[in-house]
Amino acid sequence: MSNNSQHSSATGESAIVNASIVELRRLIDAGEVSPAELAAIFVGRIEALDPGLNSLISRVEPAAPTSSGGSLSGIPYVHKDIFCAKGTRTTCGSRMLADWVSPYDSTVHERLTGSGGVLLGKANMDEFAMGSSNENSHFGAVANPWDEKAVPGGSSGGSAAAVAARLAPFATGTDTGGSIRQPAAYCGVTGIKPTYGRVSRYGMIAYASSFDQGGVIAKSAEDCAVVLGEMAGFDERDSTSADREVPDYAATLNDSIAGLRVGIPTQWFSDALDPSVGDAVTAAIDELRAAGAETVEIDLPDADIALAAYYLLAPAEASSNLSRFDGVRFGYRCEEPKDLQDLYERSRSEGFGAEVKRRILVGTYALSAGYYDAFYRRAQKARRLVTDHFHRAFERCDVIAGPVTPTPAFDRGAHSDDPAKMYLEDIFTIPVNLAGLPGMSVPAGFVDGRPVGLQLIGRHFDEARLLNVAHQYQQRVDWHTRMPPVAADSSNH
Amino acid sequence: MSDYVIPSGWEAVIGLEIHAQLATRSKIFSGASTAFGAEPNAQACAVDLGLPGVLPVLNEGAVRMASLFGLAIDAEISRVSSFDRKNYFYPDLPKGYQTTQLARPIVVGGEVTIPTGEGKKATEHTIRVTRAHLEEDAGKSLHEDFHGMTGIDLNRAGTPLIEIVSEPDMRTPEQAVAYARKIHAIVQYLGICDGNMQEGSFRVDANVSVRPTGDETLGTRTEIKNVNSFRFLQRAIEFEIERQVDLLETGGEVVQATRLYDPDRDETRLMRTKEEADDYRYFPCPDLLPVVLSEATIDSWRAELPELPDAKAERYQSEYGLSAYDAGVLTSSRATAEYFEAVIARDGADPKLAANWVMGEVAALLNRLELEVGDCPVSAEKLADLLERINDGTLSNKLGREVFEALAEEGGSVDAIIEARGLKQISDTGAIEAMVDEVIDANPEQVEAYRGGKDKLFGFFVGQVMKAAKGKANPKAVNDVLKRRLDGE
Amino acid sequence: MSLTNDQLQSVAHLARIAIESEWRDALRADLNSILDQASLLDDPRLDELEPMAHPLDQTQRLRADEVTETDQREELMAAAPASERGLFLVPKVIE
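Chains as they are written, first to last, in this note's numbering: chain A, 1 to 493; chain B, 494 to 982; chain C, 983 to 1077.
Among the clues, some could well be false.
As the list claims (entries may be wrong) - Okay, the calculated bits of chain A under chain C, using three or more residues with CB under 8 Å as the criterion:
| no. | region |
| --- | --- |
| 1 | 231 to 242 |
| 2 | 303 to 315 |
| 3 | 344 to 356 |
| 4 | 376 to 384 |
To be verified - Where chain C lies over chain B, by a calculated footprint (3+ residues, C-beta under 8 Å):
| no. | region |
| --- | --- |
| 5 | 521 to 527 |
| 6 | 531 to 539 |
| 7 | 542 to 556 |
| 8 | 642 to 653 |
| 9 | 775 to 781 |
Derived by calculation from the structure, the hints in this document are not laboratory data.
Built from N, CA and C at the ideal position, the CB exists for glycine as well.
With the sequences and hints as input, model every part of the structure.
Below, the structure is given as structure tokens:
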């Protein structure tokens, strides 16, 4: 385990920023650190480090925890700026909502606050969660804490960067096509995208409603388990929320994985995969085997079809979801509209960035008369095809393990002039969203100083198993405890 | 009834789309109130405003009411229905799409019968209903003066509607109005819509086309919107038939378009042509899941169905001996039937007498005052009191009408009016005999003539007695006594 | 499948998005490269499959018909770009 603080004590900053949530709760309960002191430590780090990272869009004055008994009581965190929190600016990374203060709370915010969580800020993100590099934010790009030339991934890039730099013990994220797992992989942190319907979408600004799912980015699987336990659960305000009990995720973390059948999708280890990423992922799978798991080869073909289907279905839903941004009731409105048409066109054209407009146009086209059957309906059939592949695979295995992304974090600006190329970054994450399955990204090493992630995919509502496997893996390796140098420097001040 | 006749050689084909606001307490997808008349936007919650991040949850009341309608018209209730989004931009449409049901509506098929023609030519027609689906209403644009701006009130946004689409089964404006009235009656009987056309709770759009009589193919149709009374519906369709026939007869062409009815000018005018219509980009709403109804749920709703107009009209005929026409009129609206039934709830009531009064005096009064039966100044209770006094001979029909007018104008109780105005009918035989004797004594010549065979003079004697009694003598008693005395018993 | 300028224009109108002329060609190329991928969906294996709208096989839950919202007009309209007397204002709508 790394412990790079010279004067280590249980309450020294370095120990604090690397402590687990359970450990932080113990320190608070023991009176060794107060919630206010804890918040102050992380606020200090934000002030010191975030000007260089730009991981936060807004900072929030820490409030006293509303609950003292909750498992997150006194634990600071940041929200992806897609979650509405009453009285805070909620921008979704867009000029459209640059000044919008939400008049209501998302269910996720209500639950985290109810459990005593202390909100420190709203994390940067690709505009309306559309992007894989966080370069599509109206509030500027985010630096990858491991290498400022690299992107942090997206769309939850700010959340992943903030956790990697230890600006907060955990962050919320959302994942529509990989937006939790990919930035978690690029930033060397642990992220979980739960089963579609596991976490309420109420108050989480919609990108593509039948794919969007809220989740957690944290330092470890153990921390993800604690936070997800608070976030998850039925919400009567979300019709797509699953009415099923939430298991005690922490309770099964230490279960043995001996005999567990791990499916390896052979097609994912092809030419498209950067060989060094492949090596890191293979090494991680070897660790699972060493822990007693069995591996079986499985078939997960048609990732290219999944990608094509996703990039029609998600934009189609988005084109409709984003129609409410019309300059009438909230959000950006153009100066002096000359008539209604002008109000709509200029408010939307000036308020949305290029990638959002691109996807709205693709989606509008895919739904328009004469093209619906060829595009939208056909893509829905492809969604079925890809989902069926997973169901068949899960007849032979309990979890699936593979890469999160084909490459480590790419350089800023590398793909910004070729959206179709950028979309290829999502080729291993998107199929999981099509099927609505839970997926995790777990730090699994480095390639040229940039982190690489191992993806774990489970059956519907099998988050407990994913967290268990990830935790068992993290008992054997220390990738997740590595801190980017820029973050370590700060804690040594 | 209009005297309108379709130009000879032409046939009109009419179908209606009726939007009925459902009388739920809360909105279709939110917990905001649907009450009419609140301050602007005071009943538009975060979901109704389409704020970023909000989500819809379907109101059971709306599903129940739509299903009741389907059951009432013998339609199929879809075991699985679903919602789609209809995308277009308009300031009163907060989300930029209307949540509606395109692919799988909750009600499929069904039919209603309408009376057509009057008197001896009266007959029944069956009009088929294609479908009825659930959807959300939009808000309202207010075009008053806001420095050249339009104001948007979203209180109505999210009010549940059913859109009831008919087959093009109607051939005359009268049939269209009769169908619309029938649907209006059914939704009110079911208690699922208040039926208020002025406030927009019940809105009718008409699809109208014409073709030469005998042609099988349909002509190009236009859709007429903004029709907010049955009278305007009749006028709007008449105007549109004339307009289309004129066009075709003068070598013109009907353009498929949406037209607005302007009641002030009594004409329809172009709103937009088909080419200008939006491409609505319907697709399944990803925020709502398929609505699945069990047999048990549908059965429990079926058990809730009240007696509907057709069944009620039949019962009025068999149970009360009313004519088909009378039964039809009395059941044509829930409020009228309720009024009639309240009148005959009185012990010993005569349903035929009650029917005559409700369709006669009451209808005339309402017509004169331009009131609905629910606001009738003479309550059913009071009318029952009045008819009781006619039945027991206290009042003649004529005096009854006088009491009715007094009730309508001044209120008060029936007996108090009779007392105060001295309207009590003289039925006491002794008093009538005295008056009859006086009249016979005073008119010896007429008595002579009558007894000599001039039967027609009987009326003269009745008139004289009634004059002496100042109209208050019981006519039957007067007849009896006169007959006895004149015929020399 | 290739998008013409006219098609792009009409899609942009449907979406109420104005496209600056200097962006049009690049945008059209981007959209076409995305739409090119859609030819993968011509795969005959898809023909017989049931379209999938939701990832979970769940049905709609129904909410009791109760009024649960109170008047929050002031808070909810605070973000309105233009409002007066409780109404949202837009440029004159001509019917």
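Evaluated hints:
1. For the region 231 to 242 of chain A, the stated coverage by chain C holds: 4 residues have a C-beta nearer than 8 Å to a C-beta of that chain, and at least 3 were required.
2. Three residues within the 8 Å Cβ limit are the bar, and the region 303 to 315 of chain A against chain C gives 7, so the coverage statement holds.
3. Figure legend: the region 344 to 356 of chain A, annotated as covered by chain C; annotation consistent (7 residues with Cβ-Cβ distances under 8 Å, at least 3 required).
4. Closer than 8 Å: that is the beta-carbon criterion, and the region 376 to 384 of chain A has 8 residues meeting it against chain C, so the requirement of 3 holds.
5. Coverage of the region 521 to 527 of chain B by chain C holds [criterion: at least 3 residues with CB-CB distance below 8 Å; count 4].
6. With 9 residues carrying a beta carbon less than 8 Å from a beta carbon of chain C, the region 531 to 539 of chain B meets the three-residue requirement, and the given coverage holds.
7. Counting residues of the region 542 to 556 of chain B whose C-beta lies closer than 8 Å to any C-beta of chain C gives 9; at least three are required, and the coverage claim holds.
8. Counting residues of the region 642 to 653 of chain B whose CB falls under 8 Å from any CB of chain C gives 6; the rule of at least 3 is met.
9. Counting residues of the region 775 to 781 of chain B whose CB lies closer than 8 Å to any CB of chain C gives 3, so the stated coverage by that chain holds, three being the minimum.
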